[in-house]
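Asks: Using the sequences and the accompanying hints, generate a full structural model.
Order-wise, the sequence lines are chains Y and Z.
Okay, so the first sequence: first residue is 178 according to my numbering, each after it adds one.
Okay, so the second sequence: first residue is 4 according to my numbering, each after it adds one.
Here are the computed lysine-lysine pairs in the DSS-like style, where the Cα-Cα straight-line distance is at most 27 Å:
(1) Y:K300 x Z:K57
(2) Y:K300 x Z:K98
(3) Z:K57 x Z:K98
(4) Y:K253 x Y:K230
(5) Y:K347 x Y:K265
(6) Y:K347 x Y:K300
Computed list of chain Y residues with no C-beta within reach of chain Z, every gap over 10 Å:
(7) T239
(8) G242
(9) G341
Simulated restraints on C-beta separations:
(10) Y:A303 x Z:T67: 21 to 27 Å
(11) Y:G319 x Z:R139: 43 to 49 Å
(12) Y:Q367 x Z:Q90: 49 to 55 Å
(13) Z:A129 x Y:P363: 52 to 58 Å
Hints were generated in silico from the structure; no laboratory data involved.
Glycine included, every Cβ here is placed at the ideal spot set by N, Cα and C.
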Amino acid sequence: MPDEVIPSSLPDAQPASRFSWGRVLVWAFLGGLLLLLFFGLLRAQGTNVRIGKPAPDFTLTTYDGQVIQLSALRGKVVLINFWASWCKPCEDEAEELEAAWRYFQPRGDVLFLGIAWTDTEEKSLAYLQRFGITYPNGADMGTRISQLYRITGVPETYLVDRQGNLVYIKISPFLSTQEIIDVITPYLEQ
Amino acid sequence: MCAHEADLEGTVNRTSSLFVWMLFFALLLLPISAMAQEATPYVPSDDEVNAIAKDMYCPVCENTPLDVCPTQACEEWRQLIREQLAQGWSEEQIKQFFVERYGARVLSAPPPRGINWLVYVMPPLAFIAGVLILVRAMRAWKAGTGAGTPSAVEELPAEEAHDEYLRRVEEELKKL
Numbered sequence: 178m179p180d181e182v183i184p185s186s187l188p189d190a191q192p193a194s195r196f197s198w199g200r201v202l203v204w205a206f207l208g209g210l211l212l213l214l215f216f217g218l219l220r221a222q223g224t225n226v227r228i229g230k231p232a233p234d235f236t237l238t239t240y241d242g243q244v245i246q247l248s249a250l251r252g253k254v255v256l257i258n259f260w261a262s263w264c265k266p267c268e269d270e271a272e273e274l275e276a277a278w279r280y281f282q283p284r285g286d287v288l289f290l291g292i293a294w295t296d297t298e299e300k301s302l303a304y305l306q307r308f309g310i311t312y313p314n315g316a317d318m319g320t321r322i323s324q325l326y327r328i329t330g331v332p333e334t335y336l337v338d339r340q341g342n343l344v345y346i347k348i349s350p351f352l353s354t355q356e357i358i359d360v361i362t363p364y365l366e367q
Numbered sequence: 004m005c006a007h008e009a010d011l012e013g014t015v016n017r018t019s020s021l022f023v024w025m026l027f028f029a030l031l032l033l034p035i036s037a038m039a040q041e042a043t044p045y046v047p048s049d050d051e052v053n054a055i056a057k058d059m060y061c062p063v064c065e066n067t068p069l070d071v072c073p074t075q076a077c078e079e080w081r082q083l084i085r086e087q088l089a090q091g092w093s094e095e096q097i098k099q100f101f102v103e104r105y106g107a108r109v110l111s112a113p114p115p116r117g118i119n120w121l122v123y124v125m126p127p128l129a130f131i132a133g134v135l136i137l138v139r140a141m142r143a144w145k146a147g148t149g150a151g152t153p154s155a156v157e158e159l160p161a162e163e164a165h166d167e168y169l170r171r172v173e174e175e176l177k178k179l
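Replies: Spelled out as structure tokens, the structure:
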């Protein structure tokens, strides 16, 4: 029995692979592209917004011109609230947040920061005035802060402890002032 | 001077006085009319607003162009575009304002910067690569056809080719 059944009239098979600079370049290009995509995805998932992890640092310029950097607030408990003037659930918690802020403000070791998300400045200022909000608020310029925190909508609230770690996330409005007070109080004792 | 002449002179005086008054009022009204024209604000039409809004997306409503998005947030953005157009802003200035405030993702096409270049470079490169591969494949196929490779069999009449294969298969089977 013959070892191979190859028709004699068929031409000799071509070598499986031939070295060619063109091929090398194409594969190198494709490899580079894949690497680029890999690192892009890695960077996109780089921020680790998780309870117990350091809160992503940001700088907020408030509507009255203050520049506030989160990392400079170590030693304070910071409540970060994302909102928008067009957001109805934000309206539900606006007064509760202001009441809670007035409750904690005299202590000096709690800070509330309001961040207006995809809002127009005129509407944001009208909203702040309407609800008598006095804690620092500013626009999320370039939606950089909301991207850092990977918010999924508004309202969303994040609590940062004295060490700068994220300790609480709420993806819905607060229902009462007492709820906000209860969330913050345990971290004041640490 | 007779009474008739005096009357005529009086009439001429009154007429010229009336003319002077009319001129005075006309001159008085001219700047008011000009001011009224200036005070009428230019209100850009919906079409002018949408011509810019169609190339933009609000981050809240993904995949819905700003010109057709029904949400309040998008309505406010369109109003902002209208105000900026009324102030004489150009399309570029308006888009730049939105990018600074809300990020580059408000644009339907990413600005050609950094890694975004790939979006613009890759499709033509892929097209060129595809054309090259196709040309090479066709050349190889043509060359193969001419050199009497198995594909040459395809040029034989169908029945003949079939018989040739049958003959070869039978030959090989006999060897077994």
